[in-house]
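Asks: Each chain, written out:
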Amino acid sequence: MTIFLQTLPFLLDGLLTTLLVAGSVVLIAIVLGIPAGCALVFGPFWVKVPLRLYADFVRGVPILVLLYFVYYGLPAVQVNLSSMTAAVVALTAFKTAQIIEITRGAFQSIPTGQTDAAKSIGLGLMDRFLQVLAPQAVRRFLPPFINSLVDTVKGSSLVSLLGIVDLMLSLQQVIGRTHVALPVYLMGALMYFSINFPLSVLSRRLEKRFIY
Amino acid sequence: MSDIQSKPVISMAGVTKSFGLNQVLKGVSLDVAKGQVVAIIGPSGSGKTTLLRCINFLEEYDGGSIKIEGKEVGYKDAVGERRRRSDRDLAKLRGDAAMVFQQFNLFPHLTATQNVMLGLVKSRGKSKSEARQIAHKWLNRVGLSDKFDAMPSQLSGGQQQRVGIARAVAMEPKVLLLDEITSSLDPELVGEVLAVVKELAVEGRTMILVTHEMDFAKEVADRVVFTDHGHIVVDAPPATVFNEQPNDRLRAFLSRFGSFRH
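Residue numbers (this note's numbering), protein chains in the order written: chain Z, 1 to 212; chain C, 1 to 262.
In isolation and in its complexed conformation, chain Z is listed as follows (with noise of 0.2 angstroms):
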């Protein structure tokens, strides 16, 4: 028990940079990818390729090897990034590509009749996209975006291979000390699902509201 709430804090310490890592990562992805997103479903043919590929090319590789490629590949061309930074840098370029999948399905999966209708009672384009499709892709946007919500807080435990002290390697510390390795992993779990579990309600709850 005192193995606990000795090393208690110092695990927190390790949950409050996991959630630094997921909380920034997420939020630049969002701002990034809602508006990428929407250029991919609306935009001209020119921003569309870019984006198509972007999105493609980034989700067909491990996330690892993106972690890698920006920090220890990239100071071959003179960017030299913190190990924090480069974490935040390959994570947020990997869910921006997500968001923007998300996006684009959450768009594409309106049939096309309610453009159509839309266009039928003399909507312009701003108007159909503010009142008739976006209410509706977002209803389809918050599922499958908070199932990638708890992938980044459980996928930012790679960040502990650059030496980022997360709440991963802060369990992997404990257990280097204390050599008690399964109460140690059992706590650490909990931790995460703690932080996840909720989302998981969240995302139920948000389903059933924007049911119509």
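Simulated from the structure, these hints should not be mistaken for lab results. Careful: at least some of the hints might be erroneous.
To be verified - Listed below are the simulated DSS-like cross-link pairs for lysine-lysine, each with C-alpha atoms no more than 30 angstroms apart in a straight line:
| hint | chain 1 | residue 1 | chain 2 | residue 2 |
| --- | --- | --- | --- | --- |
| 1 | C | Lys71 | C | Lys92 |
| 2 | Z | Lys208 | C | Lys147 |
| 3 | C | Lys92 | Z | Lys48 |
| 4 | C | Lys126 | C | Lys147 |
| 5 | C | Lys128 | C | Lys174 |
| 6 | C | Lys126 | C | Lys7 |
| 7 | C | Lys174 | C | Lys34 |
| 8 | C | Lys34 | C | Lys67 |
| 9 | Z | Lys48 | C | Lys76 |
| 10 | C | Lys128 | Z | Lys208 |
| 11 | C | Lys126 | C | Lys67 |
| 12 | C | Lys34 | C | Lys92 |
Claimed, not checked - Listed next, the stretches of chain Z that the computed footprint assigns to chain C, with coverage defined by at least 3 CB atoms under 8 angstroms from CB atoms of chain C:
| hint | stretch |
| --- | --- |
| 13 | 104-117 |
| 14 | 120-126 |
| 15 | 132-142 |
Quick caveat, the model's predicted, so the values are computed rather than measured. A virtual CB, placed ideally from N, CA and C, is assigned to each residue, including glycine.
Knowing the structure of chain Z, use the given hints to seat chain C on it.
Replies: Okay, now just chain C, sitting in the frame of chain Z:
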């Protein structure tokens, strides 16, 4: 119901439309006078729905001309090469040819009233309170006074389609386009929708309807247009079309509908 003397509301001349290599409309010409009800019948794939969708430019026609009260629908009346109208321009014109769809296409996130209000507010520039009044008036007219605040998912198919009609007709369009509006309804719900359409016909609204309901076309239309392979083959009053059946292909088509077998 018709006033043949007046200038046509809709004037189509030599309209062509292809999807890839498949030419669906091969030079269709059709004038519709104010207050006229025109029923378009014909086998599937004959271009009926495409023709209707071209009238409010949901499909872009390739050649020929479609005018609503003298104004070219999808293109600028420019000399020489014609240019597609801007989206804003198109939006305005489209409200003049509001459409009711086979699949209803109600906005699922809006109530019945909001469905009807949307075009009035955003396209016709009405205030919300005025739009709500108009919406309630039309929902009353189609017999849905108890469903103002219902979501589309809470309505039966027939009720949804009546909201669809209210949404279109509330725009006070110059022509109302009805695209097989009973085809996805259960048989027992068809009657309530056709009753609404009939009422609109009687009060002198200009309408073009694509339909498989031959009895209804016979009853409500001033003219029946039979299309086949992208052409208008017959264009005549219903009595002529259904009784005399002045064309082999028309006869073959009508023979599939029991009551019109010759």
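Asks: Each of the hints needs a verdict: does it hold here or not?
Replies: Each hint tested on the structure:
1. A distance of roughly 12 angstroms separates the Cα atoms of C:Lys71 and C:Lys92; the hinted pair therefore holds under the 30 angstroms criterion.
2. About 23 angstroms separates the Cα atoms of Z:Lys208 and C:Lys147, which keeps this hinted pair within 30 angstroms; it holds.
3. At most 30 angstroms may separate the alpha-carbon atoms for a hinted pair to count; C:Lys92 and Z:Lys48 meet this at roughly 28 angstroms.
4. Note on C:Lys126 and C:Lys147: the hinted pairing holds, with a Cα-Cα distance of about 22 angstroms set against a maximum of 30 angstroms.
5. Of the pairs offered as hints, the one joining C:Lys128 and C:Lys174 holds, with about 23 angstroms between alpha carbons and a cut-off of 30 angstroms not exceeded.
6. Using a Cα cut-off of 30 angstroms, the hinted pair C:Lys126 and C:Lys7 holds, with the two alpha carbons roughly 29 angstroms apart.
7. For the suggested pair C:Lys174 and C:Lys34, the alpha carbons sit about 8 angstroms apart, so the restraint of at most 30 angstroms is met.
8. Of the pairs offered as hints, the one joining C:Lys34 and C:Lys67 holds, with about 13 angstroms between alpha carbons and a cut-off of 30 angstroms not exceeded.
9. The straight-line distance between the Cα atoms of Z:Lys48 and C:Lys76 is roughly 28 angstroms, inside the 30 angstroms bound, and the hint therefore holds.
10. The suggested pairing of C:Lys128 with Z:Lys208 holds, with an alpha-carbon distance near 29 angstroms, which does not exceed 30 angstroms.
11. For the given pair, C:Lys126 sits about 26 angstroms from C:Lys67 by alpha-carbon distance, which is consistent with the 30 angstroms threshold.
12. Proposed proximity of C:Lys34 and C:Lys92 is supported: the alpha carbons are some 20 angstroms apart, at most 30 angstroms.
13. Closer than 8 angstroms: that is the beta-carbon criterion, and the stretch 104-117 of chain Z has 5 residues meeting it against chain C, so the requirement of 3 holds.
14. Counting residues of the stretch 120-126 of chain Z whose CB lies closer than 8 angstroms to any CB of chain C gives 6, so the stated coverage by that chain holds, three being the minimum.
15. Check result for the stretch 132-142 of chain Z against chain C: holds, 4 residues qualifying (beta carbon to beta carbon below 8 angstroms, three or more required).
In summary, the structure agrees with every hint in the numbered list given earlier.
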